[in-house]
Amino acid sequence: MSTSRFNQRSIAPVLFLAPAILFFMFYVIFPIFQSMQISLYDWDGLGEKTYVGMDNYVELMDDEAFYTSLKNNVIWLILYMLAIPAGLFIALFLNQTVFGMRLYKSLFFFPFVISQVVVGLVFTWFYDPSFGLLNVILGWFGLGPVTILGDETWVTYGIIFAGLWPQTAYCMILYITGLNAVDPEQIEAGRLDNAKGWNMLWYIILPQLKPATFIAIVVTVIGALRSFDLVSIMTAGGPWGSSRVLAFYMYEKAFSEYGFRMGYGAAIAVILFLIMMIYITFFLVKMYRDEKGR
Amino acid sequence: MVNKFKTTIAALAASTILATSAFAGELVINTDTSDPAPKAAFEQLIADFEAANPDVTVKWNLFDHEGYKTSIRNFLTADAPDLANWYAGNRMLPYVNAGLFEDVSDVWDEHGLRESLGSAEGSMTIDGKIWGVPYTYYQWGVYYRKDIFEAQGIEVPTNWDEFKAAGAKLTEAGVTPITIGTKYLWTAGGVFDYLNLRTNGYDFHMALTKGEVEWTDPRVVDTMNNWKELIDAGFFLENHTSYSWQEALAPMVAGDAAMYVMGNFAVAPLREAGLTDDQLGFFQFPIINPDVPLAEEAPTDTLHIPANATNKEDARRFLAFLATAEQQTKINATLGQLPINNASTVSDDKFLQAGLTMLSSTEGGIAQFFDRDAPAEMAKIGMEGFQEFMVKPDRLDAILTRLEKTRMRVYK
Numbered sequence: 001m002s003t004s005r006f007n008q009r010s011i012a013p014v015l016f017l018a019p020a021i022l023f024f025m026f027y028v029i030f031p032i033f034q035s036m037q038i039s040l041y042d043w044d045g046l047g048e049k050t051y052v053g054m055d056n057y058v059e060l061m062d063d064e065a066f067y068t069s070l071k072n073n074v075i076w077l078i079l080y081m082l083a084i085p086a087g088l089f090i091a092l093f094l095n096q097t098v099f100g101m102r103l104y105k106s107l108f109f110f111p112f113v114i115s116q117v118v119v120g121l122v123f124t125w126f127y128d129p130s131f132g133l134l135n136v137i138l139g140w141f142g143l144g145p146v147t148i149l150g151d152e153t154w155v156t157y158g159i160i161f162a163g164l165w166p167q168t169a170y171c172m173i174l175y176i177t178g179l180n181a182v183d184p185e186q187i188e189a190g191r192l193d194n195a196k197g198w199n200m201l202w203y204i205i206l207p208q209l210k211p212a213t214f215i216a217i218v219v220t221v222i223g224a225l226r227s228f229d230l231v232s233i234m235t236a237g238g239p240w241g242s243s244r245v246l247a248f249y250m251y252e253k254a255f256s257e258y259g260f261r262m263g264y265g266a267a268i269a270v271i272l273f274l275i276m277m278i279y280i281t282f283f284l285v286k287m288y289r290d291e292k293g294r
Numbered sequence: 001m002v003n004k005f006k007t008t009i010a011a012l013a014a015s016t017i018l019a020t021s022a023f024a025g026e027l028v029i030n031t032d033t034s035d036p037a038p039k040a041a042f043e044q045l046i047a048d049f050e051a052a053n054p055d056v057t058v059k060w061n062l063f064d065h066e067g068y069k070t071s072i073r074n075f076l077t078a079d080a081p082d083l084a085n086w087y088a089g090n091r092m093l094p095y096v097n098a099g100l101f102e103d104v105s106d107v108w109d110e111h112g113l114r115e116s117l118g119s120a121e122g123s124m125t126i127d128g129k130i131w132g133v134p135y136t137y138y139q140w141g142v143y144y145r146k147d148i149f150e151a152q153g154i155e156v157p158t159n160w161d162e163f164k165a166a167g168a169k170l171t172e173a174g175v176t177p178i179t180i181g182t183k184y185l186w187t188a189g190g191v192f193d194y195l196n197l198r199t200n201g202y203d204f205h206m207a208l209t210k211g212e213v214e215w216t217d218p219r220v221v222d223t224m225n226n227w228k229e230l231i232d233a234g235f236f237l238e239n240h241t242s243y244s245w246q247e248a249l250a251p252m253v254a255g256d257a258a259m260y261v262m263g264n265f266a267v268a269p270l271r272e273a274g275l276t277d278d279q280l281g282f283f284q285f286p287i288i289n290p291d292v293p294l295a296e297e298a299p300t301d302t303l304h305i306p307a308n309a310t311n312k313e314d315a316r317r318f319l320a321f322l323a324t325a326e327q328q329t330k331i332n333a334t335l336g337q338l339p340i341n342n343a344s345t346v347s348d349d350k351f352l353q354a355g356l357t358m359l360s361s362t363e364g365g366i367a368q369f370f371d372r373d374a375p376a377e378m379a380k381i382g383m384e385g386f387q388e389f390m391v392k393p394d395r396l397d398a399i400l401t402r403l404e405k406t407r408m409r410v411y412k
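Sequence order for the protein chains is B and V.
For the first sequence, our numbering begins at 1 and goes up steadily by one.
For the second sequence, our numbering begins at 1 and goes up steadily by one.
Derived by calculation from the structure, the hints in this document are not laboratory data.
Every residue gets a Cβ at the ideal spot worked out from N, C-alpha and C, and that includes glycine.
A few of these clues could be false.
[As the list claims (entries may be wrong)] Some residues of chain B that are not near chain V, with every Cβ distance over 12 angstroms (derived):
1. N7
2. Q34
3. Y157
4. E188
5. W198
6. M200
7. K253
8. F260
9. R261
[What the hints assert, rightly or not] Taking lysine to aspartate or glutamate and the DMTMM-like style, the derived pairs with C-alpha atoms no more than 20 angstroms apart in a straight line are:
10. V:K392 x B:E152
11. V:K405 x B:D63
12. V:K392 x B:E64
13. V:K164 x V:E150
14. V:K412 x B:D42
15. V:K412 x V:D222
16. V:K146 x V:D277
17. V:K405 x B:E185
18. V:K169 x V:D109
19. V:K412 x B:D62
20. V:K69 x B:E59
21. V:K129 x V:E115
22. V:K412 x B:D55
23. B:K49 x V:E377
24. V:K405 x B:E64
[What the hints assert, rightly or not] Some, not all, of what chain V presents toward chain B, calculated at C-beta under 10 angstroms:
25. F75
26. G99
27. K183
28. G201
29. E247
In isolation and in its complexed conformation, chain B is listed as follows (with noise of 0.2 angstroms):
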């Protein structure tokens, strides 16, 4: 009796994760050691493989689209951060009752249920120099016109602010959860103390919101580094590759029209594998403290 009480204790837990961490294995740890695999390799995907050891690498480290490909993953780490203070601010904006407020609410949200092809059309077409809506207001004071995504300082920012439409949104939404949970005693006895504005936002208010802001910065961080469909729609790199980005890098040397290197590709993967490996350790190492912590 008392065995197989043990048995299920010990085995059910088991039983229960096994599907997830079989797939899990199978479909993520797999695939990492296999990238590290071939992009010890020249392969191109049809033919025989030939093992050229860290050429790969020695090649990457003397490739300038790999550099402008990082560069701009710099960029969009630091700009896409951005999307956190703005969704805060609408947040805050939003946190009132007024007739209608879910409406808005919905609609400042909408951005992110769009697909972010459509977001990358749609900009595209704002960004357009012959019609698009900017260089039309533009004209309106006598500027531009201005091909935001034909011109090579000026690409990646405007695909990061394309992007930081829907992230924004995402941030925005975190936030109004967040503020749903703020106690409202602790506000009153702040109010006591004389807090008011900024002092109220920044003493009362933002510390009470941490767990949103942490989620925000882990999506953001995210979202920031795996920026493929944006770059993919708008400018497909382009113009002459200076809107790369490491994801998309590797996409076009393994999978796209003129590629199918793919021990590149995987070399690429797994120095975007290894720089995502930093932040993942960062992160995981704070939710342990946090943790024990409590």
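Fit chain V to the given chain B structure using the hints.
Just chain V now, with coordinates in the frame of chain B:
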């Protein structure tokens, strides 16, 4: 009850077997001819083939262009059809090298295709074997607004100086001489091909795309300097990096641009946009270096038998059928392109007739296209460099050095 269940299972099993292995006499064709005209051409071709060969049923899978380029790699290895369309020249080299295309030299010998399709034999041959059957090709050149030229009193330019003078007149009148959209890069490749063919000739161009000449070679620099003359004179549409080739048609239709260096497939959308044949004309890309024999660009589309095909016998019959003069005439009348078979007739469309006259008198040689003559990776980095050069001509040295670095690696 039990028996019924058993028979259902048996029937199910039988039907799955039948579904996976094609019936004898079933011919599976995969193509990416999904645009209206190519689709109609293939529909007709298949119907005619089935009428002529009642024992064969054709199963036709239609793909979209972009998707086809990646899925062909999968289906050639995993689930091969009996026929698939692709392109001539270097573009088919990876599949030939990987042993995924079938050698069809026997079809060529048996049906005398070496004579009737002779003009395309070179671009279909790798390692002395022929790997498919070409069914259509089309000329490249300069499509121009006849009415604008007449209004400005410009004659069709035949040499470099006339060409530049024509451009100067057009810019003076506020018309952009050449429209182009380089967002997807290849359009810039077409301009480079013509400038290089006219500056250095066919043999040099082929040696360059085959990786036998350095990109930093002074002759390449000559080509680029000719190009720079046009760029500096404001020949090309502003903001071309933001447009696709279709979007670049708009300024020409509106009369804001007068010329387009393009393939014959641009005629159909220009006509649809409302330009009549009186407004639209075609001329051969002008001579730059008079010592160089004129060479042209005329990409060829082809049909191949995958090495893993199941019904190769009927596939060979289909190829032979496709190669006949009658079928090539029919297909290309629908496509609005030129047949390969020398006994076929070309429709009396004025652009096709112009193309035919030009191509049949070509002495220099016929190039496929930059991204079909050069290996994929070189093509990509090369066309990216051309696009960059068109916006930042001062970076010529850096661009050519980069292309040379790629050449050293790609062709080893």
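### Query
Would B:R261 pass as off the interface with chain V, using Cβ distances and a cut of 12 angstroms?
violated, 7 angstroms
### Task
Quickly compare the C-alpha distance for V:K392 and B:E152 to 20 angstroms and report which way the hint goes.
Roughly 10 angstroms separates the two Cα atoms, so the pair holds.
### Query
Has the given pair, V:K412 with B:D62, been kept, meaning a C-alpha gap of at most 20 angstroms?
holds, 17 angstroms
### Query
Straight-line Cα separation of V:K405 and B:E185 no greater than 20 angstroms?
Cα-Cα ~68 angstroms, so violated.
### Message
Holds or violated: the hint that V:G201 contacts chain B, with Cβ atoms closer than 10 angstroms.
### Response
Not OK, violated: V:G201 not within 10 angstroms of chain B, min 26 angstroms.
### Task
Grab the minimum C-beta distance from V:E247 to chain B and call the hint holds if it beats 10 angstroms, violated otherwise.
Where the cut-off is 10 angstroms and the nearest Cβ of chain B is about 9 angstroms from V:E247, the hint holds.
### Query
Is the Cβ of B:W198 more than 12 angstroms away from each Cβ in chain V?
Per Cβ check, B:W198 is outside 12 angstroms of chain V; nearest 43 angstroms; holds.
### Task
Decide if the proposed pair is consistent with the structure: V:K405 and B:D63, CA atoms, cutoff 20 angstroms inclusive.
holds, 10 angstroms
### Task
Would you check the hint for V:K169 and V:D109, treating anything up to 20 angstroms between C-alpha atoms as holding?
violated, 54 angstroms
### Hint status (Cβ of V:K183 to nearest Cβ of chain B, threshold 10 angstroms)
Holds, because the Cβ-Cβ distance from V:K183 to chain B comes to roughly 6 angstroms (cut-off 10 angstroms).
### Query
Taking 10 angstroms as the limit, does the beta-carbon of V:F75 come near enough to a beta-carbon in chain B?
Violated, about 12 angstroms.
#### Entry: 20 angstroms limit on alpha-carbon distance, applied to hinted pair V:K69 and B:E59
Between V:K69 and B:E59 the Cα gap is close to 26 angstroms, so the pair fails against 20 angstroms, i.e. violated.
Violated hints, listed in ascending order, are 7, 8, 9, 15, 17, 18, 20, 25 and 28; each of the other numbered hints is respected by the structure.
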